[in-house]
Amino acid sequence: MTRSYLPGILAMAATVLASNILVQFLFGQWLTWGAFTYPIAFLVTDLMNRLYGAQAARKVVLAGFVTGVICSLIGTQVILQGDGYSYPAVTLRVAIASGAAFLAAQLMDVAIFDKLRGGAWWRAPLASTLVGSSLDTAIFFSVAFSGAFTFLEPGNDVSWANEALPLLGIGPIVPLWVSLGLADWLVKLSLALLALVPFRMIVSKAVAARSLA
Numbered sequence: 073m074t075r076s077y078l079p080g081i082l083a084m085a086a087t088v089l090a091s092n093i094l095v096q097f098l099f100g101q102w103l104t105w106g107a108f109t110y111p112i113a114f115l116v117t118d119l120m121n122r123l124y125g126a127q128a129a130r131k132v133v134l135a136g137f138v139t140g141v142i143c144s145l146i147g148t149q150v151i152l153q154g155d156g157y158s159y160p161a162v163t164l165r166v167a168i169a170s171g172a173a174f175l176a177a178q179l180m181d182v183a184i185f186d187k188l189r190g191g192a193w194w195r196a197p198l199a200s201t202l203v204g205s206s207l208d209t210a211i212f213f214s215v216a217f218s219g220a221f222t223f224l225e226p227g228n229d230v231s232w233a234n235e236a237l238p239l240l241g242i243g244p245i246v247p248l249w250v251s252l253g254l255a256d257w258l259v260k261l262s263l264a265l266l267a268l269v270p271f272r273m274i275v276s277k278a279v280a281a282r283s284l285a
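For what it's worth, my numbering labels the leading residue of the sequence shown as 73, then goes sequentially.
Since the hints were made in silico from the structure, they are not lab data.
Keep in mind that the hints are not guaranteed to be accurate.
[As the list claims (entries may be wrong)] PhoX-like cross-link-like pairs, simulated, lysine-lysine; straight-line CA separation at most 25 angstroms:
1. K187 - K277
2. K131 - K277
3. K131 - K187
[Stated by the list, open to error] Simulated DEER-style distance windows between Cβ atoms:
4. S276 - W232: 38 to 48 angstroms
5. L82 - I242: 18 to 28 angstroms
6. L164 - A90: 43 to 53 angstroms
7. R75 - F99: 31 to 41 angstroms
8. P79 - A220: 21 to 31 angstroms
9. W193 - W232: 19 to 29 angstroms
10. G241 - K277: 35 to 45 angstroms
11. F99 - L284: 40 to 50 angstroms
12. A86 - A176: 36 to 46 angstroms
13. A280 - I146: 23 to 33 angstroms
From the three backbone atoms N, C-alpha and C, an ideal C-beta is built for every residue, glycine too.
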């Protein structure tokens, strides 16, 4: 049965790897390209949960976490240049925020999905992804950029992320990181709805294949 988990493990690892690379590239003013690939992780987790159960889903989450840790370790050794400064591609705060957000959000997703698996086919994946995505966004952006977590890496200047600006350029005045987090969260919610289509298709095909086996 462990061999059956391999596609999910590889898909999760590829998603985490791609997202760690694409987060370096901006998409508009508030997002990075990684915002569009990372939500696939929730789809992979939910598919494994539906097809093989919560234990299998947790194994896939662990594979994604390990991949993320490796990416962060490599990122801390990559030095970028900009505006006359040298800085690591991944700071300690971002690494901690990324790992904590991924693990907490994905495990929450697994738990909620498992609790709701007996209901309508769409309820478990939708509810688990919405809650997991919200938790992921809240943990990552607050830990990575909020002034309240400066103690994690005192030498890392995140004053740029705490600049007071209108929310998404049109709302009340908030720290910049709040706008970045809100934009990321809105993308996650949109993709959670769209992901129901491939979720339904893949599960249906897998169930049909099992019945013929």
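Problem - Those earlier numbered hints the structure runs against, lowest number first - result: 5, 6, 8, 9, 12, 13
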